[in-house]
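Residues per chain are reported as follows:
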Amino acid sequence: MSWISTTLTSSLGKKLIVGITGLFLCSFLVVHCGINSLIFLNDGGEAFNIGAYFMATNPVIKIMEYVLFLGLIAHIVQTLLLALENKKARPVGYFKENGNANSKWYSRSMAILGTLILIFLILHLKHFWWSKVSGHLAETGETMFAEMLEIFEKPIIVVIYVLAQISLAYHLLHGFSSAFQTLGFNHIKYNGLIKSVGVVFSLVLPIAFAAMPIVIYFGIIK
Amino acid sequence: MSERHINIKLKVWRQKNKSDKGNMEEYALSGVSTDMSFLEMMDTLNEKLTKEDKQPVAFDHDCREGICGMCSMYINGQPHGPLKGVTTCQLHMRTFNDGDTIVVEPWRSAAFPVLKDLIVDRTAFDRIQHAGGFISINTGAAPDANAIPVPKENADEAFLAAQCIGCGACVAACKNSSAMLFTAAKVSQYALLPQGQAERYRRVEAMVAQMDKEGFGACTNTGACSAECPKEISISHIARMNRDYLGAKSTSNAI
Ligand code: SF4
Ligand code: FES
Chain A
2 MSWISTTLTS
12 SLGKKLIVGI
22 TGLFLCSFLV
32 VHCGINSLIF
42 LNDGGEAFNI
52 GAYFMATNPV
62 IKIMEYVLFL
72 GLIAHIVQTL
82 LLALENKKAR
92 PVGYFKENGN
102 ANSKWYSRSM
112 AILGTLILIF
122 LILHLKHFWW
132 SKVSGHLAET
142 GETMFAEMLE
152 IFEKPIIVVI
162 YVLAQISLAY
172 HLLHGFSSAF
182 QTLGFNHIKY
192 NGLIKSVGVV
202 FSLVLPIAFA
212 AMPIVIYFGI
222 IK
Chain B
28 MSERHINIKL
38 KVWRQKNKSD
48 KGNMEEYALS
58 GVSTDMSFLE
68 MMDTLNEKLT
78 KEDKQPVAFD
88 HDCREGICGM
98 CSMYINGQPH
108 GPLKGVTTCQ
118 LHMRTFNDGD
128 TIVVEPWRSA
138 AFPVLKDLIV
148 DRTAFDRIQH
158 AGGFISINTG
168 AAPDANAIPV
178 PKENADEAFL
188 AAQCIGCGAC
198 VAACKNSSAM
208 LFTAAKVSQY
218 ALLPQGQAER
228 YRRVEAMVAQ
238 MDKEGFGACT
248 NTGACSAECP
258 KEISISHIAR
268 MNRDYLGAKS
278 TSNAI
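Residue numbers (our numbering), protein chains in the order written: chain A, 2 to 223; chain B, 28 to 282.
It should be emphasised that the hints constitute simulated quantities derived from the structure, not laboratory data. All figures in this text were calculated on a predicted structure; none of them were measured in a lab. Among the hints, erroneous ones may be present.
The list that follows gives simulated cross-link-like pairs (lysine to any residue, SDA-like), each with its CA atoms no further than 20 Å apart [said to hold, decoys possible]:
no. : chain 1 : residue 1 : chain 2 : residue 2
1   : A       : Lys-97    : B       : Ala-172
2   : A       : Lys-89    : A       : Arg-109
3   : A       : Lys-97    : B       : Ile-146
4   : B       : Lys-179   : A       : Ile-189
5   : B       : Lys-38    : B       : Gly-104
6   : B       : Lys-36    : A       : Ser-11
7   : A       : Lys-105   : B       : Gly-112
8   : B       : Lys-45    : A       : Phe-96
9   : A       : Lys-88    : A       : Leu-114
10  : A       : Lys-97    : B       : Ala-55
11  : B       : Lys-240   : A       : Ser-11
12  : B       : Lys-36    : B       : Asn-73
Only part of the chain B face toward chain A is listed, based on derived beta-carbon distances under 7 Å [said to hold, decoys possible]:
no. : residue
13  : Ser-163
14  : Ala-245
15  : Ala-254
The beta-carbon is built from N, C-alpha and C at its ideal position, and this holds for glycine as well.
Required output: the full structure, derived from the provided sequences and hints.
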């Protein structure tokens, strides 16, 4: 095996891929949240539609869409491999375990939280991405904003979206700072900053995302 | 605190040998002095079992003062019990109350197979050490060490890492059975000192490879290891190991 594959298949190497792809996915969340937040302007979706059109047609963004999918798949595959290996590392479990005495529940539940987010993501892609690539939007001449208004009419969808954002918040609360530790960034000068940025990040983004279906459902934004 | 006498119930893992399936057994112990250490309480149980013509509970112990790292017991869901920064031998019965049920289990990890009752085979740690946790040349006596200037912070930090007693509580606590805190402590104690520099990269590559080979899981940064470590080794050492490993892999001459 070459040194590259030895490195990337080692426990530390796999973690590295999870950390890097995780941070990359975070950068995507920022862009996604930024553009979607244009609906809060309450201008009938005008600004948002311009943003959505740009994202759908700009060639650089189109290439980045493939990179994003690759990053997402790498993140999922690597964490899955690690989770299976970690399971194998303790074939016989404990009779009594007191995990809360030494760690946070969400830190120990990253795989479950991630799976919940993945299930949501499939639904979310069906809602908004498929209508774009299948040509549904082009056919009907409907805008992305109109699509949003239509989908968030159903209360069950709104509930699912909000629950998914709660999963995302906890996933980020551990994941953001954890990625830095994996990359070796642990320094008294920056630990506080990483921790606080992580907390703000994992609150602000999911709250903004969760607010979107809510305000649309209640007709505050139309 | 004055001495009290308490009655307790114990649930202890019993397993005849490596291949036995094993099970939890219940025992009652009355009049246990709260001044006893946990191991003395286990001794009392064993005396009782011996008198009843039963097999005493096998458990590891040696120094009984928190320095050898032998007393591996998973007590009430935590390695070395509920107190922070202590080993089982430093845990006293005053931590428990009259009528308590105390669950005692061995470390659980594929890399630490149970040999008998509460005794596990921790030679996997030895093999990680043998892979690179040393300095190959003679570094001389104390005066020679003093001839090389070492910044005080580095000396302190290396000393904190060197406090690791190889007890395995980090592995036992970790939901992934990861040995990264142990390995990182051993990597760090040399990485911070001038004598450790010559083999710094070779060491981390070899020790991480051995750690993976032993079948320990991979760290997910829950921090449980450090919270349960009797020597309170910081996870900042794991970050240092990650840095050194990636640095070593991308720049060393080993292809
Ligand atoms: S790092 Fe702490 S818990 Fe792990 S072996 Fe060393 S002393 Fe024990
Ligand atoms: S018996 Fe030596 S540390 Fe507990």
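Q | Given hint B:Ser-163 near chain A, where the shortest CB pair must fall under 7 Å | A | Violated, because the Cβ-Cβ distance from B:Ser-163 to chain A comes to roughly 22 Å (cut-off 7 Å).
Q: Compare the distance between the alpha carbons of A:Lys-88 and A:Leu-114 with 20 Å, and conclude whether the hinted pair is satisfied.
A: Between A:Lys-88 and A:Leu-114 the Cα gap is close to 17 Å, so the pair holds against 20 Å.
(Q) So if I understand the rule, the pair passes when the alpha-carbon distance is 20 Å or less; does A:Lys-97 with B:Ala-55 pass? (A) Answer holds: A:Lys-97 to B:Ala-55 is near 18 Å, not above 20 Å.
Q. CA of A:Lys-97 to CA of B:Ile-146, is that 20 Å or under?
A. Distance of about 18 Å is within 20 Å: holds.
Q.
Tell me if the interface restraint on B:Ala-254 is satisfied: Cβ within less than 7 Å of some Cβ in chain A.
A. 4 Å, holds
Q: Compare the distance between the alpha carbons of B:Lys-36 and A:Ser-11 with 20 Å, and conclude whether the hinted pair is satisfied.
A: Given that 20 Å is the threshold and the Cα spacing comes to 44 Å, the pair is violated.
**Q.** Satisfaction of hint between A:Arg-109 and A:Lys-89, Cα-Cα up to 20 Å
**A.** 16 Å, holds
Q | Restraint outcome when B:Ala-245 is required to lie within 7 Å of chain A by C-beta distance | A | Check passed: Cβ of B:Ala-245 comes within 4 Å of chain A, closer than 7 Å.
Q. Taking 20 Å as the top limit, are the C-alpha atoms of B:Lys-45 and A:Phe-96 close enough?
A. 18 Å, holds
Q: Take the C-alpha atoms of A:Lys-105 and B:Gly-112, compute the straight-line distance between them, and say whether it is at most 20 Å.
A: Within the cut-off at roughly 19 Å; holds.
Q. Does the structure keep B:Lys-38 and B:Gly-104 at a Cα separation of 20 Å or less?
A. 12 Å, holds
Q) Does the structure keep A:Lys-97 and B:Ala-172 at a Cα separation of 20 Å or less? A) Violated: A:Lys-97 and B:Ala-172 sit about 47 Å apart, past 20 Å.
In summary, the numbered hints that this structure violates are 1, 6 and 13.
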